[in-house]
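Chemist: Starting from the known structure of chain A, fit chain G onto it as the hints suggest.
Going down the list, the protein sequences come from chains A and G.
Be aware that the first sequence starts at 1, since it is given in our numbering, and climbs by one per residue.
Be aware that the second sequence starts at 169, since it is given in our numbering, and climbs by one per residue.
Calculated directly from the structure, the hints in this document are not laboratory data.
Keep in mind that a hint or two might mislead.
Stated by the list, open to error - Calculated lysine-lysine pairs in the BS3-like style (CA-CA distance at most 27 Å, straight line):
#  : chain 1 : residue 1 : chain 2 : residue 2
1  : A       : Lys130    : A       : Lys146
2  : G       : Lys314    : A       : Lys139
3  : G       : Lys306    : G       : Lys216
4  : G       : Lys306    : A       : Lys146
5  : G       : Lys307    : A       : Lys138
6  : G       : Lys243    : G       : Lys307
7  : G       : Lys298    : G       : Lys314
8  : G       : Lys307    : G       : Lys217
9  : G       : Lys306    : A       : Lys139
10 : A       : Lys139    : A       : Lys49
11 : A       : Lys75     : A       : Lys130
12 : G       : Lys243    : G       : Lys298
13 : A       : Lys48     : A       : Lys138
14 : A       : Lys130    : G       : Lys243
15 : A       : Lys146    : G       : Lys307
16 : A       : Lys49     : A       : Lys75
17 : G       : Lys298    : A       : Lys75
18 : G       : Lys307    : A       : Lys139
19 : G       : Lys314    : A       : Lys146
20 : G       : Lys306    : A       : Lys138
21 : A       : Lys130    : G       : Lys298
22 : A       : Lys138    : A       : Lys49
23 : G       : Lys298    : G       : Lys216
24 : A       : Lys138    : G       : Lys314
25 : G       : Lys314    : G       : Lys216
26 : G       : Lys243    : G       : Lys314
27 : G       : Lys217    : G       : Lys243
28 : G       : Lys307    : G       : Lys216
29 : G       : Lys298    : G       : Lys217
30 : A       : Lys146    : A       : Lys75
31 : A       : Lys48     : A       : Lys130
32 : A       : Lys75     : A       : Lys48
33 : G       : Lys243    : G       : Lys306
34 : A       : Lys49     : A       : Lys146
There are 2 protein chains.
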Amino acid sequence: MIYRCFGLVGIVFALGSCGPTTQPRTVQSADEAAIRAADVTWSEIAAKKDLEAIVAYYTDDVVVLPPNIPAAIGKQAARELNRAMIAMPGYTVTWHPERIEVARSGDLGYARGIYELTTRGSDGVPVVDKGKYIEIWKKQQDGTWKVALEALNSDLPPRATAPASLNR
Amino acid sequence: MIYRCFGLVGIVFALGSCGPTTQPRTVQSADEAAIRAADVTWSEIAAKKDLEAIVAYYTDDVVVLPPNIPAAIGKQAARELNRAMIAMPGYTVTWHPERIEVARSGDLGYARGIYELTTRGSDGVPVVDKGKYIEIWKKQQDGTWKVALEALNSDLPPRATAPASLNR
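If we strip away everything but chain A, and leave its shape as in the complex, we get (with noise of 0.2 Å):
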């Protein structure tokens, strides 16, 4: 943690302990760029389609808000809706974010970005869809970045949407 007391550390430290202050700006900047980083790394490994490692980004309680199907709650769950996500025909993925803003006290976070997922329809062909999320991101003990919630939609009509496997 990092006092923006410059003046001050030397007797703040020497008259006794103290809660964090708020970080300086560079260092709200530097948590900004750390989730970035994450969030596009991230993308990388959804799309050569690792389950775990996919799933290492999520905090344990994390919450999941898909579409088209109910949320899902805690690790488990988001493991086995990335599972069905992955083993559907054709599916590839890529996400990318737009805005990414971080709390002053550097312990909390969001993403907002695009995606764009693409599967195989029963004819066999590519079906496209785009859209739009939401991350909320959580500094964890060893000063790395994970999701603990997520929401996205589609910019399409509903028919081009939530292909029916993970309708079930």
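Modeler: Only chain G this time, still in chain A's reference frame:
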């Protein structure tokens, strides 16, 4: 702003200006309660279809991510989205937050909740949609909380969602 270094407050104030510290847990809980109360009141206002009162909960740069149409970027776009929604035949909506979390610095928080939205189909029969949402709340200069970002999606299969009037 509240300082956690209770024994040092006098000295710190005497010696110079500092950045605010993170808040005690009681203040963080108060922020969570404030967001919860605001979200519940917002739902009550939405039920009354008072467009400007609804829109007053948004920051100027709000981004709304509705399902099956592109994002509404900025307060005016969010206003037009809400105008279209409350004009739908038989429109009623309720929502309530299930989980609120606020950063230690008290400037940023989120709500996750569930909604129920009813419209009247072209055959005159009510169509009920149930789903879930994320809202990002930001504390304003006056201490109130406003929504800077939200996303929602349905728990139900695509057929029942996204009334056609919002898809044009």
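Chemist: Each of the hints needs a verdict: does it hold here or not?
Modeler: Going down the list of hints, with the structure as the test:
Straight-line distance between C-alpha atoms of A/Lys130 and A/Lys146 comes to about 24 Å, which keeps the hinted pair within the 27 Å bound. A threshold of 27 Å between alpha carbons decides the hint, and for G/Lys314 with A/Lys139 the separation of about 23 Å falls inside it, so the pair holds. A C-alpha spacing of about 24 Å is found between G/Lys306 and G/Lys216, which places the hinted pair at or below 27 Å, so the restraint holds. The straight-line distance between the Cα atoms of G/Lys306 and A/Lys146 is roughly 21 Å, inside the 27 Å bound, and the hint therefore holds.
Proposed proximity of G/Lys307 and A/Lys138 is supported: the alpha carbons are some 19 Å apart, at most 27 Å. Restraint check for G/Lys243 and G/Lys307: the C-alpha separation of about 17 Å stays at or below 27 Å, so the hint holds. Between G/Lys298 and G/Lys314 the alpha-carbon distance is near 24 Å, which keeps this suggested pair within the 27 Å criterion. For the given pair, G/Lys307 sits about 25 Å from G/Lys217 by alpha-carbon distance, which is consistent with the 27 Å threshold.
For the proposed pair G/Lys306 and A/Lys139, the alpha carbon gap of about 19 Å is at most 27 Å, so the pair holds. Of the supplied pair hints, the one linking A/Lys139 and A/Lys49 holds, its CA atoms being roughly 25 Å apart against a limit of 27 Å. With a C-alpha separation of about 25 Å, the suggested pairing of A/Lys75 with A/Lys130 holds against the 27 Å cut-off. A distance of roughly 25 Å separates the Cα atoms of G/Lys243 and G/Lys298; the hinted pair therefore holds under the 27 Å criterion.
Simply put, A/Lys48 and A/Lys138 have alpha-carbon atoms about 24 Å apart, close enough for the 27 Å limit, and the pair holds. Between A/Lys130 and G/Lys243 the CA atoms are separated by roughly 23 Å; this keeps the pair inside 27 Å, and the hint holds. With a C-alpha separation of about 23 Å, the suggested pairing of A/Lys146 with G/Lys307 holds against the 27 Å cut-off. Note on A/Lys49 and A/Lys75: the hinted pairing holds, with a Cα-Cα distance of about 17 Å set against a maximum of 27 Å.
For the hint linking G/Lys298 to A/Lys75, the alpha-carbon distance of about 23 Å falls within 27 Å, and the restraint holds. Straight-line distance between C-alpha atoms of G/Lys307 and A/Lys139 comes to about 20 Å, which keeps the hinted pair within the 27 Å bound. Of the pairs offered as hints, the one joining G/Lys314 and A/Lys146 holds, with about 25 Å between alpha carbons and a cut-off of 27 Å not exceeded. Note on G/Lys306 and A/Lys138: the hinted pairing holds, with a Cα-Cα distance of about 16 Å set against a maximum of 27 Å.
Among the hinted pairs, A/Lys130 with G/Lys298 is consistent with the structure: their alpha-carbon atoms are about 22 Å apart, no more than 27 Å. Taking the CA atoms of A/Lys138 and A/Lys49, the gap is near 24 Å; set against the 27 Å cutoff, the hint holds. With a C-alpha separation of about 19 Å, the suggested pair G/Lys298 and G/Lys216 falls inside the 27 Å cut-off, and the hint holds. Under the criterion of a C-alpha separation no larger than 27 Å, the hint pairing A/Lys138 with G/Lys314 is consistent with the structure, at around 21 Å.
Note on G/Lys314 and G/Lys216: the hinted pairing holds, with a Cα-Cα distance of about 19 Å set against a maximum of 27 Å. Simply put, G/Lys243 and G/Lys314 have alpha-carbon atoms about 12 Å apart, close enough for the 27 Å limit, and the pair holds. Restraint check: the Cα-Cα separation between G/Lys217 and G/Lys243 comes to about 17 Å, which is no more than 27 Å; the hinted pair holds. Note on G/Lys307 and G/Lys216: the hinted pairing holds, with a Cα-Cα distance of about 25 Å set against a maximum of 27 Å.
At roughly 19 Å between alpha-carbon atoms, G/Lys298 and G/Lys217 fall within 27 Å of each other, so this suggested pair holds. In summary, the hint linking A/Lys146 to A/Lys75 is supported, as the alpha carbons are separated by about 12 Å, within the 27 Å threshold. For the hint linking A/Lys48 to A/Lys130, the alpha-carbon distance of about 19 Å falls within 27 Å, and the restraint holds. For a cut-off of 27 Å, the pair hint linking A/Lys75 to A/Lys48 stands: about 20 Å separates their Cα positions.
Restraint check: the Cα-Cα separation between G/Lys243 and G/Lys306 comes to about 15 Å, which is no more than 27 Å; the hinted pair holds. At roughly 18 Å between alpha-carbon atoms, A/Lys49 and A/Lys146 fall within 27 Å of each other, so this suggested pair holds.
Checked against the numbered hints above, the structure violates none of them.
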